[in-house]
Amino acid sequence: MMLNAYLLKKPHLVAGLTVGLALLTVLGTIGFIIWPNIKTIFTLNQQIMLERESLEMLYQRGQKIRQTTAQYEKIKPTLEQFETMFIKPGDELTFVTTLEQVAKQNSVNQKINLAKTDDKLITNKSLNLQVQAIGQFNNLLNYLKDLEKLDYYLNLETVRFSKPADQPKTSDLLQLNLAGTAFYKL
Amino acid sequence: MSEIQHGFINWSNLVSDVSLNLPLGIELSYLSLEKSNGLTVYGQAKQRDDYLTFKNNLAKLPYLSNLSSPLSNILTSQNIDFQLAGQINLTAE
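One line per chain: the protein sequences are A and B, in this order. Residue 117 in the working numbering sits at position 117 of the first sequence, with consecutive numbering throughout. Heads up: take any position in the second sequence, counting from 1, add 1000, and you land on the working numbering.
Just chain A, same shape as in the assembly (with noise of 0.2 Å):
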């Protein structure tokens, strides 16, 4: 009663009073319920963003994934191509008688020397590969290009045409001699 009685009396003190509780509820809710919500919202969007940033990375490598299999996938075919270009090991039999059916095919007389699949012989993968094939020219030179048109990886380093020392010299034969290199899938 006395009490009421003094801050009756004093008005401005009741009105300060107030402000102040005012003050201290508005500040005791920014500082105990706002701001830690701020930090937290603050922390969950960092969590976002770097979430965000992982997810980005994620789908990109995927869609890196995605272009190198459809990448793959067109050059398949290519891929089976080249390895039908190597003569495999073991399977030289195959090479000398692609060699013999072009040989055939365009009349020409054929010897081959072909290193045997020696390891001591194998330098880099490659085979050293020596023809010496007899006949007119123009079978001969269809033969070379025959021989060019081989799926088989064929390297020539050397192409001699001359004419065959036992062979009179009014024939129209020619000698082709061929050194190069054959290759290996090892």
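Think of the hints as simulated: they come from the structure by calculation, not from any bench. Every residue, glycine too, gets a C-beta built ideally from N, C-alpha and C. A hint or two may mislead.
Just a sample of chain B residues kept apart from chain A, beta carbon distances all over 10 Å, derived [as the list claims (entries may be wrong)]:
hint	residue
1	Asp1049
2	Lys1055
3	Lys1060
4	Gln1083
Computed list of lysine-lysine pairs in BS3-like fashion (alpha-carbon distance at most 25 Å, straight line) [unchecked claim]:
hint	chain 1	residue 1	chain 2	residue 2
5	A	Lys163	B	Lys1046
6	A	Lys88	A	Lys111
7	B	Lys1060	A	Lys145
8	A	Lys169	A	Lys149
9	A	Lys39	A	Lys88
10	A	Lys169	B	Lys1046
11	A	Lys111	B	Lys1035
12	B	Lys1046	A	Lys74
13	A	Lys74	A	Lys64
14	A	Lys149	A	Lys104
15	A	Lys149	B	Lys1055
16	A	Lys125	B	Lys1046
For each label pair, taking beta carbons as the anchor points, the in silico distance ranges come out as [what the hints assert, rightly or not]:
hint	chain 1	residue 1	chain 2	residue 2	range
17	B	Glu1027	A	Pro89	33 to 39 Å
18	B	Gln1047	A	Thr98	31 to 37 Å
19	B	Glu1027	A	Thr68	55 to 61 Å
20	B	Ala1059	A	Leu150	19 to 25 Å
21	A	Asp151	B	Asn1066	32 to 38 Å
22	A	Glu148	B	Gln1047	30 to 36 Å
23	B	Lys1060	A	Arg61	36 to 42 Å
24	B	Asn1089	A	Glu73	48 to 54 Å
Add chain B to chain A, keeping to what the hints say.
Same frame as chain A, but now just chain B:
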């Protein structure tokens, strides 16, 4: 792989070019094309002009350079045994 592919030379094109540039009076007895030593040709020419035509034709081929011809090739006017040598520029082929 690219090294292998780079080493490939289409020799038949070069042989075709040489044969297409042979004048009628020329007969070749030896034609050698090598990566390392270039072109070497031995042959017989009926007339000196035939030989000169052949030599000039070869000189016009874009991948042949430094064509060398010994003086003996031009010392007689008929039935010439000649030889020619030149470098093959593989990048220009």
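Tested hints:
Against the 10 Å criterion, Asp1049 (chain B) stays outside the reach of chain A, whose nearest CB is about 24 Å from its own CB. The Cβ of Lys1055 (chain B) lies farther than 10 Å from every Cβ of chain A, with a closest approach of about 18 Å, so its non-interface assignment holds. With 10 Å as the threshold on Cβ separation, the claim that Lys1060 (chain B) sits away from chain A holds: the shortest Cβ distance comes to roughly 21 Å. The non-interface label for Gln1083 (chain B) is consistent with chain A: the shortest C-beta to C-beta separation is roughly 13 Å, beyond 10 Å.
Straight-line distance between C-alpha atoms of Lys163 (chain A) and Lys1046 (chain B) comes to about 19 Å, which keeps the hinted pair within the 25 Å bound. With a C-alpha separation of about 21 Å, the suggested pairing of Lys88 (chain A) with Lys111 (chain A) holds against the 25 Å cut-off. Restraint check for Lys1060 (chain B) and Lys145 (chain A): the C-alpha separation of about 23 Å stays at or below 25 Å, so the hint holds. Distance check on the hinted pair: Lys169 (chain A) and Lys149 (chain A) sit about 33 Å apart at the alpha-carbon level, beyond 25 Å; violated.
For the proposed pair Lys39 (chain A) and Lys88 (chain A), the alpha carbon gap of about 69 Å is over 25 Å, so the pair is violated. Restraint check for Lys169 (chain A) and Lys1046 (chain B): the C-alpha separation of about 17 Å stays at or below 25 Å, so the hint holds. Only pairs whose Cα atoms come within 25 Å are accepted, and Lys111 (chain A) paired with Lys1035 (chain B) is accepted, the gap being roughly 22 Å. Proximity of Lys1046 (chain B) to Lys74 (chain A) is assessed by CA-CA distance (about 58 Å); at most 25 Å being required, the pair is judged violated.
With a C-alpha separation of about 15 Å, the suggested pairing of Lys74 (chain A) with Lys64 (chain A) holds against the 25 Å cut-off. A C-alpha spacing of about 16 Å is found between Lys149 (chain A) and Lys104 (chain A), which places the hinted pair at or below 25 Å, so the restraint holds. For the suggested pair Lys149 (chain A) and Lys1055 (chain B), the alpha carbons sit about 30 Å apart, so the restraint of at most 25 Å is broken. Distance check on the hinted pair: Lys125 (chain A) and Lys1046 (chain B) sit about 48 Å apart at the alpha-carbon level, beyond 25 Å; violated.
At roughly 45 Å, the beta-carbon separation of Glu1027 (chain B) and Pro89 (chain A) lies outside the given 33 to 39 Å, and the hint is violated. The hint said 31 to 37 Å for the Cβ distance between Gln1047 (chain B) and Thr98 (chain A), and at roughly 44 Å that hint is violated. Restraint check, Glu1027 (chain B) to Thr68 (chain A): a C-beta distance of roughly 59 Å satisfies the suggested window 55 to 61 Å. Taken as a hint, the range 19 to 25 Å is violated for the pair Ala1059 (chain B) and Leu150 (chain A), whose Cβ atoms sit roughly 33 Å apart.
Between Asp151 (chain A) and Asn1066 (chain B) the C-beta distance comes to about 36 Å, which sits within the given range of 32 to 38 Å. The given range of 30 to 36 Å is respected by Glu148 (chain A) and Gln1047 (chain B), whose C-beta atoms sit roughly 35 Å from each other. Take Lys1060 (chain B) and Arg61 (chain A): their Cβ atoms lie about 58 Å apart, and the range 36 to 42 Å is violated. Checked against the hint of 48 to 54 Å, the pair Asn1089 (chain B) and Glu73 (chain A) fails, with Cβ atoms roughly 40 Å apart.
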